[in-house]
Structure formats: structure tokens, C-alpha cells
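Trainee: Protein chains in written order, with my numbering: chain S, 1 to 379; chain U, 1 to 379.
In short, the hints are calculated from the structure, not lab data. Treat the hints with care, since some could be wrong.
[What the hints assert, rightly or not] Pairs of lysine-lysine residues, derived as PhoX-like cross-links and limited to a Cα-Cα distance of at most 25 Å, are as follows:
(1) K67(S) with K236(S)
(2) K307(S) with K293(S)
(3) K293(S) with K236(U)
(4) K293(U) with K236(S)
(5) K307(U) with K337(U)
(6) K307(U) with K375(U)
Each chain, letter by letter, is given below.
There are 2 protein chains.
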Amino acid sequence: MTQLTPIPQFMHFADSLPLASGKQMASYDLAYETYGTLNADKSNAVLICHALNASHHVAGVYAGDDKNVGWWDNMVGSGKPVDTDRFFVIGINNLGSCFGSTSPAHTNPETGKPYGSSFPVVTVEDWVNAQERLITRLGITQLAAVMGGSLGGMQALSWTLQFPDRLRHCVCIASSPNLSAQNIAFNEVARRAITTDPDFYGGDFYAHATVPERGLRLARMVGHITYLSDDAMDEKFGRERIESLAGDAAYGFNEEFQIESYLKHQGKKFASYFDANTYLLITRALDYFDPAKAFAGDLSAALARAKAQFLVVSFTTDWRFPASRSREIVKALVDNKLRVSYAEIDASQGHDAFLLEDERYIHAVRAYFSESVAKGVAA
Amino acid sequence: MTQLTPIPQFMHFADSLPLASGKQMASYDLAYETYGTLNADKSNAVLICHALNASHHVAGVYAGDDKNVGWWDNMVGSGKPVDTDRFFVIGINNLGSCFGSTSPAHTNPETGKPYGSSFPVVTVEDWVNAQERLITRLGITQLAAVMGGSLGGMQALSWTLQFPDRLRHCVCIASSPNLSAQNIAFNEVARRAITTDPDFYGGDFYAHATVPERGLRLARMVGHITYLSDDAMDEKFGRERIESLAGDAAYGFNEEFQIESYLKHQGKKFASYFDANTYLLITRALDYFDPAKAFAGDLSAALARAKAQFLVVSFTTDWRFPASRSREIVKALVDNKLRVSYAEIDASQGHDAFLLEDERYIHAVRAYFSESVAKGVAA
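The following block holds chain S by itself, in its conformation from the complex (with noise of 0.2 Å):
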């Protein structure tokens, strides 16, 4: 195995972006990086779709900075289960995200001022949209796969309704047909963090020199509650205390427990480099991603466009989006007669299983790319 030194790339639309509000993306660039060598015949392309906190930097490290280590490094590289020395891999940041593509923070060449709080709402089907002009501009055809864990499995799902003939295989990780009642809960308890921290200005924070940190920080640590499972919170902290605290209690309302310890550091580190805005968008494309609202509700009927070879993964301890979630997937595929492999991996960790290390789990998508993806790519 040989470590990847990847190099952010940028690409530049003049061709405006049609947006599901109806609104317009005049111009933007998108900020993607690309590991392994697209073959001739251009089969053996797999696109990487990120969830809330990622971006296009999917797997080794930048020259110069070994700290700096792609977010799913131990999925995709040389020898490991999406192989770079045989498959295409492409990792884009999305329209709206902070780490590279256009963004909120971005100058809205029209005014010559940050995009703020006139950045469109955008959703996972415009994700999509843009995804598909990138690779076209790549000159690639039809991908060899699209994967993704929890809304980066979305975009995977939406793929297969979007573009069915531009993709062979999906792959869908850790996600779910759409939000529940308590998924939206819980992304509007971290809106409102932000929306209410007079540092906001009602998203036009940057003209101001400063950022909404109370609410960042609120809304990581609400995420962070959701991402881990009750048992693997309990196992990493249990009921201890810091350590200067020796077991005793304070008696006071300062971080004594060691899980108000980890969410202060997490919800600290988050607020000094994602972006606010971002976090708003984000979350509400998950909020909007139903496929089959325009159905009656009915998914089957949603996936019925859908062409492509599936696999699709959930976690027994994800309570964020549960197995029972996938597997509605999967009965909406098989209504369909499509070809699904489903794997339900008895982890600990919650949602953040899918970008962890679990035998079976790493081993499912390593014999799904080695067997059924690489199938219908030229040697």
C-alpha cells in the first residue's frame, strides 16, 4: 500500500444551476480531489458523497501535512476495500459546504459581499445535479459506483432516481429514506442554537468579524449525542468524573463529568472551523430529502426509476438512522426486483460505526467492490 498525497482540485460552472427552490446558482466552483487513474474506457469511476462535517478530502493526506488525513482513509486508498489501484475515486465537496466549494462565506460576485444569509437553500437532488456536471466535465459517462454514508447515502439513493443510466452500482451506508420527527427535532434544536446567538446577525456574521460560536458549539454536542450509541457513550465514559476531580462531585455547574469534558472539546473544535451558515444548509437538505413524498409516501414506487446494482449497510446500535430504516430501502428495492445486498453489522458505536473500523463491515464493502463492482470495469 502506498500512502495518497492527494491535491484539492477546483472546477469552475459559468452555467447556472437550477436549484429546487427555483432559484438559481449563477456560478460556482466546486472543490473535489480524485485518487487512482481513470482507465480508457473510462468504466472504473466512483464518486465519494460526504454527510454534514466532511468534504472532497476522502482519503490520504496533503503533502506536508500527515495530520491532515482524508475522512473515510480507511475505505479508500491503495489495497483497501474501494482500491485505489483499481478503481477512479472522486471525492466532491458540495455546493454550500464550507471547505472548499462555494459556500455562504464565499463573495457573491454580484455584490461584491459574502453570500451570507442570501446563499439559496439547496437539497440533496441539486447536490446531485451538480455532482453530475462535475463528472461529465470528467468526461465520464457512467460511474462504476456512488457511495455514501448517512446523507452521503442519500445522495447515493438519489443518484439511482436522478440519473439511473449514469450509474452501475450504489452504495448506501448508515442512511435512511428520509428524516423521522425526531431527526428533524433534533436539527432544529441545533438551528435555533445558531439562529438565536445574537453573534448570527441573522446569518450575515461575517460583515461583523465575528462567528456564532455558542450556537456551533451547542449544535456539535447535540450532534455529537446523536452520532454515538447509549452503550458506546457509556462504555468511553460511563459516570467519571475529570480526572482533577479524583470521583468527587463540585457542586457546581462546570464540566465535571467526563462526557461534558468530551463535548465541550468537540463542540469547541467544531465551532472554530465550520461554518454556521453551512451547518443550517445542511442540515435542512437532510430535513427535505424524501424521495418518495411525491409518491404518496410510497418508496417502492419512488425506486421504481432506479436501475442499479445496491448495497446497503446499516448498524445494529445506529439510533439516529436505524437498521429499520435501511431495511425500508431495501423491501422498496426488492419490490422492485433490483439487485440488493443488505448487511446489518452488530457494532457498538451508533452512527458513527460507518466511518469506523469493524471487520465485518470494512470486509462487506470490500468483497461488494472486489466481486460485484469491479465486474463491469474493463481490466
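Place chain U on chain S using the hints.
Mentor: The following block gives chain U in isolation, referenced to the frame of chain S:
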């Protein structure tokens, strides 16, 4: 059945109360209500302990204010499961709570200013000590029962350990022997929402004629999510849009889904009456409660002091205090050869179920009081 019309009463305590923290409450008042009549041998008294957002107003309505119904009015009253024709029922507002007993918003007689941030942190054990003083002043040597749900159940359980000879029955509903890391995490999000609100002023907002409304709203929103089951939320709100949207997306960040509108309403209502410092105090008391801690985590050893008979009730969809936590209590009681009845109710409403109507639940409590608790009460 006659409708109860209780009158809130106040009892002043001039003898200082030593607290778990090492501090003292020099003097304080407790608000309480009573229902029914104490019998001649004072054997029919039942103490009801409240949870986060409740008070001494357990049952009935105040004269001339028939909207203000007690929080457990379906459980306590004439002809009801805790039958006030037979039992003398006492509701007490805990120290630090904002419904009448001495609390952070009250004037500290030593300074002439509101206690605010100087109000001492109190524990479940402190509350039980204060309750015991009030019971003693009422002339009651032994309570027929102590009963509570959620945090109230923790107080009932603690009574059996702090004053094993002062009660015959403990009714512990939808409770837990301690908080899990996830429980603490949710409390911490709520606390940080409050303490980072610029209107909190370190707990001394009273002097600024403001309240940390943003923080309180967020705290309540998070709380509400944990009170309801995922299924109950889906059944009640699903992915329904608010009426004015007629099912469409508005492509913005205001409330669009019914669940968002519900949480906003609940948050706003709560912030209009609940005290921010009380929220901190009560969640901290929850965090700290852990009778097994002094016994190296061995709950059976911790409960060896108990002498009461028990009714333990849990609800299958309660994910805040899952049935498995109640079963831990039951196991520890059985280990000590204590008499315990356990009802695990298959209810859909989550933690909130303990406050709602469910025929099997209501019946279990009714049967326990009429068949077990009543046995020790003189006719």
C-alpha cells in the same frame, strides 16, 4: 368523585439544613399541598415527589382557576388510584424549584438580594432530608408510601435508603438508579444553552431585569425530544408541514415542519415561567444521583438498607430511562429479598407515559394502593 380544591401552604424552617455539598441552607420555606384527611393514627400519609417541571400542585384545581390542574391529577384524587378518600396525600415543592419553595429567584435574607448564582447546589438526598423535616412537622412518623416518577422516583428510592423506617411502600415509576452518560450529555447541552446565553449573567440575571430566554427555550426543546418516543413523535407529527405551507417546502430556516412548530411553542411557553437557575440545579441533582456510588457501583449493596415494599413501573418506549434501568432496581431489590412488584407497560409515548393515561398503568398503581398500601392503614 369530588374535585379537589387545594390551597398551597408554606412551611418555614429556621433551623439550617446541612447539604451534601458541605454548605447549609440557613433558613428556607417549603411550599406544599395536602389532599384528603390524615387519619387518627397518622398511618395513611402518601408523599408525592416531583420531577423537573412540576411542583407541590399534584392534584385538583385552585378555587377560581380551574385551568391550573395538578400535574398528577389523573393519579391522585377522590376515587383515583391514589385515593384521597382513603389516603392523606402530600405534594411538596423541592428546595431550589421555582414554584414556591425557596429558590434562586428569592431574596437571600443575608444579602437582601436574590440568591442567583449563590444558591447552593442541592442533591436528591438534600431534598429528601428537607421533605423528612416537613413530614415530621406534620406529625407523621411513618409514611404509608412515597411515590414519584422520573426524578421523583429517585427521591422515592432515596427515602428507602435515608429513612428506611419512615415509609412502608416505595412507588418508583419511569426512573433509574442513576443517569447514563447519554442522560448527562443531554442535561449538559441544556445547561450550556442557558449558561452561554448572554442574558444569563452568570446566574445573576435578576438584577438585569432579564431572563436567558434563548437558553431556556433550547433546554426545553432538547428535553422534549427525550421525553417522547421516536414512534410517538412520528405518529403525532411525522413529516407533516405546518398548515400554511400546504405540504410544500418554504426553502428557508423558519419552522416548516409540525415538529419544529411544536418545539418552538413548548420552548416559548416554558421560558415564560421556568427559572434558569432552577433548571441548572435540578439537572445537576439528576446527574449526581447514584446511590450505588458509595458501594463501588453495587446497587444491591446500596439497597441493603431499604425495608420498604416496592412497586416499580417502566414503559417499553421510554428511551430516557429505559425499562432496563428499572429492571436494575428490581434485581437489586430481589437480591435483598425485598418485596417488589414490577410492571413493564407496553406504552408508545416514551418517558412522558408516566404522566399520561394508560389503562394498564393506572390499573397497576390503583391495585397496588388498594391491595398493598391500604393494608397498613387503619380503617
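Trainee: All hints, please: hold or fail.
Mentor: Outcome of the hint check:
1. K67(S) with K236(S): holds (24 Å)
2. K307(S) with K293(S): Roughly 20 Å between the alpha carbons, so the hint for K307(S) and K293(S) holds.
3. K293(S) with K236(U): holds (18 Å)
4. K293(U) with K236(S): holds (18 Å)
5. K307(U) with K337(U): holds (10 Å)
6. K307(U) with K375(U): holds (16 Å)
Consistency note: the structure conflicts with none of the earlier hints.
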